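These protein sequence lines map, in sequence, to chains A and B. Under our numbering, the first residue of the first sequence is numbered 31, with each subsequent residue one higher. Under our numbering, the first residue of the second sequence is numbered 6, with each subsequent residue one higher.
If you are wondering where the hints come from, they were derived from the structure by calculation, not from laboratory data. Watch out, some of these pointers could steer you wrong.
Below, a sample of chain B positions facing chain A; criterion: calculated Cβ distance under 8 Å [as the list claims (entries may be wrong)]:
(1) V31
(2) G47
(3) V184
(4) K216
(5) G218
(6) G221
Calculated cross-link-like contacts (lysine-lysine; reagent style DSBU-like; alpha-carbon spacing at most 35 Å) [unchecked claim]:
(7) B:K182 <-> A:K80
(8) B:K152 <-> B:K182
(9) B:K230 <-> B:K167
(10) A:K80 <-> B:K59
(11) B:K216 <-> A:K80
(12) B:K234 <-> B:K152
(13) B:K59 <-> B:K182
(14) B:K152 <-> B:K230
(15) B:K167 <-> A:K80
(16) B:K167 <-> B:K81
(17) B:K247 <-> B:K234
(18) B:K167 <-> B:K114
(19) B:K114 <-> B:K81
(20) A:K80 <-> B:K234
(21) B:K226 <-> B:K247
(22) A:K80 <-> B:K226
(23) B:K230 <-> A:K80
(24) B:K114 <-> B:K59
Computed far set for chain A versus chain B, every beta-carbon distance over 10 Å [as the list claims (entries may be wrong)]:
(25) W37
(26) V56
(27) Y92
(28) V96
(29) L97
(30) E160
Quick caveat, the model's predicted, so the values are computed rather than measured. Virtual Cβ for every residue (Gly too), placed ideally from N, Cα, C.
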Amino acid sequence: MGLKSSWETGRLPDVIGLLARLILGVVLVWAGAVKVTNPAQSALAVRAFKVLPYDFAGYVGYALPVLEILLGLLLVLGLFTRVSAALGGLLMLAFIFGISWAWAHGYSIDCGCFGGGGTIAASQTQYPLEILRDAGIAACAAWLVVRPRTPYSLDHRLFG
Amino acid sequence: MRPDASKKIATVTPKGGPNVVIIGAVIAVLVVLAVVVAIVIGNNSKPSSSASGKVAPVGVVGGTGGGILVNPAAAKTNVPTVDVYADFQCPICGRFEEQFGPALTAMAKAGEMKYVVHMMSFLDTNLGNDASLRSTNAAACAADAGKFPEYHSAVFAVQPAKEGDGYTDAQLTEIAKNVGITGPALTTWQQCTSSGQHNQYVADVADTSGKAGVTGTPTVKINGKDITKTLTTPESLIAAVKAAKS
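This is chain A alone, in the form it adopts within the complex:
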């Protein structure tokens, strides 16, 4: 009983949850904001992975920054935390897949995660770092899916 209640209402899980929510939310807003003003660049970055067909990759490139900003805002506000975190986590898994794909195929690209993107010199690729970073963010998302309850959230204020 004691263990269960400290998991549900404990201070430490609350703090971890709040941090996870803010990290995931702020990173998503930031990543979207730096890309949203240059849709052509974003399309180019997605195409460089050569995962999706050319035209479809373009659409994904246009849509992704907006989606990231909105998901990030929901998380920062703590609204529909579980659903938003699940979607954010799926995005991170997709990014990790894309980066691994590019790495495995020997492409020399920048992931374009925070703007930029496209082909770069082979010596400048940072695949392990990019994957590690996205995995860390995905872990934040996983925590929130399992335990979406966090302090200072609209979920808490609106829906109790």
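Since the structure of chain A is provided, determine the placement of chain B on it from the hints.
Only chain B this time, still in chain A's reference frame:
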């Protein structure tokens, strides 16, 4: 014994509060709308061109958005096709041209290959300028004047030391004069460049090449096979072309 919290929970649980389903549905609709708007705006952000910009330059092979065949007269039959994809603003392309350009030109003149140049323009997006579009359109206009190989080499020869400085219109005109576009041909060339006559062609090349899997420059293909990574010296390129022939 822990105190019974059920009373407290009952008092803080709002009754008749905001409806989760309605708020969720509104947000979901807003998100979908925003994404659709972003796709439409993004799609329209592609450089568009006037009707006068929809002319393909002389020498294009391989359909819409194909490269320009450098040596139509010299190329013998049954020789391999060498496709080079490069952006006038890409520094590595500049170094590639410096290192491999002479060998490519020599083989093209000797007719040992069909030399097809695909001028890419994605660095405009990366760098936030329009120098790739203008220089590529200018080179396509030079193709109309029969001076494509000369113009192409000359642009790379004056590539700025700093990526992003681009090319001025004055520079591009100077190159036209230097490669021997003069008199009425120069007037035609100037009309062609100032009206962006081949701007649509430039966009088509970017699309066609992208769909063919070319996302980086320089890219070199022999008979359609990407051999960029195997190239170390001009000799390695010459050997690869000779090997493809037999």
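Hints, verified against the model:
| no. | hint | result |
| --- | --- | --- |
| 1 | V31 | violated, 11 Å |
| 2 | G47 | holds, 3 Å |
| 3 | V184 | violated, 30 Å |
| 4 | K216 | holds, 5 Å |
| 5 | G218 | holds, 6 Å |
| 6 | G221 | holds, 3 Å |
| 7 | B:K182 <-> A:K80 | violated, 41 Å |
| 8 | B:K152 <-> B:K182 | holds, 11 Å |
| 9 | B:K230 <-> B:K167 | holds, 32 Å |
| 10 | A:K80 <-> B:K59 | holds, 28 Å |
| 11 | B:K216 <-> A:K80 | holds, 10 Å |
| 12 | B:K234 <-> B:K152 | holds, 30 Å |
| 13 | B:K59 <-> B:K182 | holds, 25 Å |
| 14 | B:K152 <-> B:K230 | holds, 28 Å |
| 15 | B:K167 <-> A:K80 | holds, 29 Å |
| 16 | B:K167 <-> B:K81 | violated, 39 Å |
| 17 | B:K247 <-> B:K234 | holds, 17 Å |
| 18 | B:K167 <-> B:K114 | holds, 32 Å |
| 19 | B:K114 <-> B:K81 | holds, 10 Å |
| 20 | A:K80 <-> B:K234 | holds, 18 Å |
| 21 | B:K226 <-> B:K247 | holds, 14 Å |
| 22 | A:K80 <-> B:K226 | holds, 18 Å |
| 23 | B:K230 <-> A:K80 | holds, 17 Å |
| 24 | B:K114 <-> B:K59 | holds, 30 Å |
| 25 | W37 | holds, 15 Å |
| 26 | V56 | holds, 19 Å |
| 27 | Y92 | violated, 3 Å |
| 28 | V96 | violated, 4 Å |
| 29 | L97 | violated, 6 Å |
| 30 | E160 | holds, 17 Å |
Consistency with the previously given hints fails for numbers 1, 3, 7, 16, 27, 28, 29, ordered from lowest to highest.
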